[in-house]
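S.K.: As a plain string of letters, each chain reads:
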Amino acid sequence: MVKINSFKELKEHKSRLSEHKPAEWRIFTCAGTGCAASDSIFLAENFRKIIAEKNLQDRIQVIPTGCFGFCEKGPIVNIFPDDTFYVKVSPDDADDIVNQHILNGQVVDRLLYIDPQTGEKHAQQHNIGFYQNQMRVALRNCGKINPEQIDDYISHDGYFALGKALFEMSPEAVIEEVKKSGLRGRGGGGFPTGVKWEATRKSESDKKYIVCNADEGDPGAFMDRSLMEGDPHAVIEAMAIAGHAIGADEGLVYIRAEYPLAVHRLKTAISQAFSYGMLGNNIMGSGFNFKVRMSLGAGAFVCGEETSLMNSVQGERGEPRVKPPFPAQHGIWNQPTNINNVETYANIPQIILKGADWFSSIGTEKSKGTKVFALAGKINNVGLAEVPMGTPLRDVIFGIGGGIRDGKKLKAVQTGGPSGGCIPADELDLPIDYENLQSIGSMMGSGGMIVMDETDCMVDVAKFYLEFTVGESCGKCTPCRIGNLRLHELLEKISNGHGTMDDLKSLRELGEVIRDTSLCGLGQTSPNPVLSTMNYFGDEYEAHVKERRCPAGKCTSLLRYQISPEKCTGCTVCAKNCPVPCIEGERKVTHRIIQEKCIKCGVCYSKCPFGAISKV
Amino acid sequence: MDSKLQKLNKFIDGLDTKEGALITTLHHAQELFGYIPEDVQNHIAHALNVPSSKVYGVVTFYSFFSTKPKGKYKISVCMGTACFVRGAAEVLETFKQELGIDVGGVTEDMQFSLDSIRCMGACGLAPVISVNGKVFGRVKPEDVRSIVQKCKTEGISSGGQGW
Ligand SMILES: Cc1cc2nc3c(=O)[nH]c(=O)nc-3n(C[C@H](O)[C@H](O)[C@H](O)COP(=O)(O)O)c2cc1C
Ligand code: SF4
Ligand code: SF4
Ligand code: FES
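Note that the protein sequences, when read in sequence, are chains A and B.
Counting in my numbering, the first sequence runs without a single skipped number right up to 616 at its last residue.
Counting in my numbering, the second sequence runs without a single skipped number right up to 1163 at its last residue.
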């Protein structure tokens, strides 16, 4: 380990690193949460074992990286120098990759990506549809460096922005640059980051805090997780830059406990940054002191809200505070506090290095730069996509996302999580930016994008979100605590087929009251999933009420599975697969479903080889 | 004294400051005991010099903390949005049937407990469940029985994750 005592030494360290000749072959393996769940850790181990057995350590290097973003096809392996991109690699494939590809020069054909639309095979990452049209600013290092090696980060200009800010820019100049870049908060609200920094700088106090909001509460969103797993030093560097700009000497990362791998990577990065002198006292000899520590969440969504977060950091129940005063005046332990999202920070080093003009040349008039989206749900390519602001939704869903699964039709895209709304298929050409999404009743949110098809019921989706909100409301104020419960009851009634037209009216009225009278952002936005689905899919609500019918065939109370005696051959496939089990019948005799026990999982329906089971 | 309590005391003694350290301490306690029973709550209250009511208030506010013991096999079904739209509710329902317990419950023989959680960040593999931290992706209702069976016959070693 080296301690770096000046900006010059940092530059020298980087050039020393670049003199190091890299191994002839480099194997990058994804070591993010998604791929690790598919045994990518054993894959890396197998590579190492084979390489050791053959004594090839000098020629081949294995580099575990953060998420490549293409989670659908994980585990991913990228081989250099020839830049071959392998998908769905299992631990057993390590053998073929080393023997066939590296030692014999033959690409392992069966592990290449096949474009589902054209049937073409692609060996290179940049030829794959998923990566075309992406622009990686925040995710620039994910999949490219080993996140547990600070030297890898420094080789990619890591901590150069901090050096530049400390030695070549005054705090005011840093703030000016961030303001000029047009960067807005990526945590959901879209507040201009430079303006927030300026306000916190102007608050007089001996003690100030820099907080990174890594609570990532929107279920189904995993941008921040991947950033922290893939490039943790970028977040730390940005927090130190913010500390210099604002006049704070302490940083705090509030991270959810459900992300053990991200916690581990950040912890490692923080300790490396301390030993290199990128954190601590007198950073690079500049006289600037800054330390960072972590604070673990404990499974409360409301703690992503900034004032709840601050209470949670103080070891209290995570209930929101009344604003004003804002965190910039009274934050943690009542000291001025600047709080930003992970992705917001991840953009900062690039803005400092490449300049505000470069950043503001990307995006739309009011939304600058790029945004990372987590594509999930009924989409072919689940994964992370970073695109310039202003990209039409269609390009993201059908270009990068590869369209809808199983040849089904797109029904809606949900953005903004429990605070957001559903965007119907006919709004797909909308360029994505903060204002546009708001104008159609949704919001940017943190970047979760859940794609739904014709088999998803909008009443059911609204009910799902409300159930979430009811469980997560902190209970401090009545409209949110009681109102959301009532909203949920109404939705339950409708999805059970007992709703009335008056209930639909009450839904809307109650939703508006909750929105207007709740204390914090959670309550103020909780009716959005209901209101937006009612606006765009009103007829679906009415079908549940007037016809007692769920057009999507999802609401289980309105649904029964039935076996047609004409088509049933008594093959027993359904009975064998029913998880309850609740299908009776002898071999070669018509089967029967015991309706009282059926949990409506739909397994029999999808398994019957004769199409004898129908939904009614 | 109980060796786990001793470890907890050592952790508390090693804290930089007791102010604001309640949640950190609770995390540690849950790691040691698997859950946070009332006597441990009282012990922490005493050691950190805060009222027991405050400890109880914090423990019950955060869903990560449990006041009841969990089963030998801790099954968590992700009910995040990505998993939900890919059929997590049906998977959860099947687990309830198979184990005969509700969400938050433990089987009588203390072998299995069932929880639903909100997104573990493996949305690409939706629907996702975990058993003692080991993640299973793309789970279908018809896989449930074999997962439970696997626990009973071979056991499942921890994936080292917190859930
Ligand atoms: C209920 C609720 C949950 C939130 N959850 C998050 C979250 O998980 N991550 C996040 O960065 N911001 C979250 N926010 C937004 C934060 O309050 C805050 O605006 C943000 O962290 C500021 O950072 P930014 O300006 O960089 O976006 C949430 C807000 C509300 C009302
Ligand atoms: S709106 Fe809901 S979450 Fe926010 S303070 Fe009120 S009860 Fe708590
Ligand atoms: S829907 Fe599921 S529970 Fe009902 S009969 Fe079919 S397989 Fe069994
Ligand atoms: S929603 Fe289930 S892992 Fe993210």
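Warning: the hint list may mix true and false statements.
Mimicking DSS-like on lysine-lysine, the simulated pairs with C-alpha atoms at most 30 Å apart in a straight line are [said to hold, decoys possible]:
hint, chain 1, residue 1, chain 2, residue 2
1, B, 1096, A, 576
2, B, 1150, A, 267
3, A, 267, B, 1007
4, A, 576, B, 1074
5, A, 576, B, 1152
6, A, 600, B, 1018
7, B, 1068, A, 49
8, B, 1054, B, 1068
Worth flagging that the hints you see were computed from the coordinates, not collected in a lab.
S.K.: Please list, smallest to largest, the hint numbers that this structure does not respect.
M.R.: 2, 6, 7
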